[in-house]
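Please work from the sequences and hints to get the whole structure.
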Amino acid sequence: MSTHAAGAPPVGMPSRVGVTFARAVASEWFKVWGLRSTRVVFAVSVLLTPALALIGASDPNVPADGYGTLAYWVVSLTILTQFPLLLLGVLLGSGETANRSAASTFVAVPTRTPALLARTVVTITTSTAAALLSLGLAAAVTLATGLGRELSTELTPETTRMWLGTSLYLVAATTFCFGLGLLVGRTVLAVLATFAIFILDLATIGAPGALTSITAFLPGHAASAVTSSEEFLDVLRSMDAAPLDPWANVAITIGWAGAAVLAGIVRTRRRDV
Amino acid sequence: MIEVSHLSKHYGSVAAVNDLSFVARPGVVTGFLGPNGAGKSTTIRAIVGLERPTSGSATVDGRRYADLRAPLQEVGTMLDGRGAHPGRTAVGHLMGLARTHGIGRSRVDQVIALTGLESVARRRVGTFSLGMGQRLGIAAALLGDPATLILDEPVNGLDPDGVLWVRGLLRALAAEGRTVFLSSHLMSELAETATRIIVIGQGRLLADDDLENLLATSERAGLVRVRADDQSTLATAARELGARVTTDEAGTLEISGTDAAAVGALAARLGVNLLELSTASGTLEDAYLSLTAQAAQYASNRDDAGRGATR
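Line order of the protein sequences matches chains F and H. So for the first sequence, the numbering used here puts the first residue at 17; every next one is plus one. So for the second sequence, the numbering used here puts the first residue at 11; every next one is plus one.
Source of the hints: derived by calculation from the structure; they are not laboratory data. All C-beta atoms in this analysis are idealised placements derived from N, C-alpha and C, irrespective of residue type, glycine included. Be a bit skeptical, because a hint or two may be false.
Taking beta-carbon pairs under 10 Å as the criterion, some of the chain H residues facing chain F (in silico) [said to hold, decoys possible]:
id, residue
1, 59
2, 60
3, 62
4, 77
5, 78
6, 80
7, 89
8, 93
9, 99
10, 112
11, 113
12, 120
13, 150
14, 153
So this is what it looks like as structure tokens:
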């Protein structure tokens, strides 16, 4: 390794000086995608649903009339396949604090909020891309199978809710996990909290009304609500186990995401790094 | 110019920095000296806004760091330890910083070349040696071509070639009129690089002076070292003249309270043949030990007084 004397005039300096939000977003985008861990978890998040969809659709014992629509076939998988995307959210939120590289970021953007908002934008963009790619690929691979050709692709209020609601839910849930990671600042703790919150909801599907009236307001409840068929929701409603409309559940997840990000930003602004 | 005014940082009941005030001026390399745990890194982190002071303030060119419009182009900061994500490449780390300020890739390549990191620029930082990590930290500090540089332990882990390069670089940057503020627990390093020294111990200011003045306060400054064929006669005569005489491990007389000329004249008068006669210059290490000893004594006396007051 050789060294050089100082003195060369600097090149590549900006004509317009200062930190802007656009520059903060460009920096965060570059940093997030420059990490192999991001690319790997993103790839798993995108490919897991299509992979399971293909495996299931290739099974001759799976009856098409059990699902009826392509939307239901695909989105019902996301209850399980959402977890890599949730993990990605946690990693984007807690990563820099956990490995102490946040100091570099906040030396460059000392007011902190622009950098944290920029990272929120990157998280929302990344999770939107992952959700759309995942659902789109899953639909495409299913249509290429015998099962897929028997499923309805019609856009009804129910299937529109499934496609759009699931996409929105995945983005909101990932953003919630990002906020949680930001707030906790420790990846392991944030991952454990995420799994506890989202698995708790799965464990209480069809539980007695009193319990459901609580879990319906948790950030993960929209996953089961928005991916369910109207038929199944009617059964739950008859048991008083579905107190809210699926869209209301999505709105609740979005609310949780906003609250978690806000709390994470406030906490990170006050934290010694 | 960096101004720290009555800065304190407490972690619970522990005071990492306690009512610390100093100024680091442009055109000068200011050394920030103290043992590990003295509060150097905490002070630096408070200056650049990473730690919230319990009280007091720190400004750069009269403004809080957080209020600077383009922080990287006004202050270059190298933090102690690895500030880069271990999964990122050196180029990736610098580009991530550069993009916040719209600094181009050509400047990133320039500081990579300046710090001698070309061959490892695309390697992940997690695989770097300590020295490479230090070079990357210096590259990050130089990225915005700032007027003020704050470097926390910049030579830690560098090879001798790297240490010489950093010394030259910092002197050159100060000669260009920049404010250069560097911390170290290596006294010899600061003595080679800095012209102004700030010494802290247990978070408190112990000294803030030019290096020359600080060296003059060293107990060994002006000490006359002498070897002679009849040392006992010379020592006795020197003591009779009021000088303080001791003998070091090698048997050399160390005489204080006089000077080399007087000792030479005394030896000639006594007919003692001198084999060696020199005047010891003060060292930063001696000055530092003297300062910290005084501080420890001060703290001890204060604690005693405090205990007495509560009895």
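Structure-based check of all given hints:
| no. | hint | result |
| --- | --- | --- |
| 1 | 59 | holds, 4 Å |
| 2 | 60 | holds, 5 Å |
| 3 | 62 | holds, 6 Å |
| 4 | 77 | holds, 8 Å |
| 5 | 78 | holds, 7 Å |
| 6 | 80 | holds, 5 Å |
| 7 | 89 | holds, 6 Å |
| 8 | 93 | holds, 4 Å |
| 9 | 99 | holds, 7 Å |
| 10 | 112 | holds, 4 Å |
| 11 | 113 | holds, 6 Å |
| 12 | 120 | holds, 6 Å |
| 13 | 150 | holds, 7 Å |
| 14 | 153 | holds, 9 Å |
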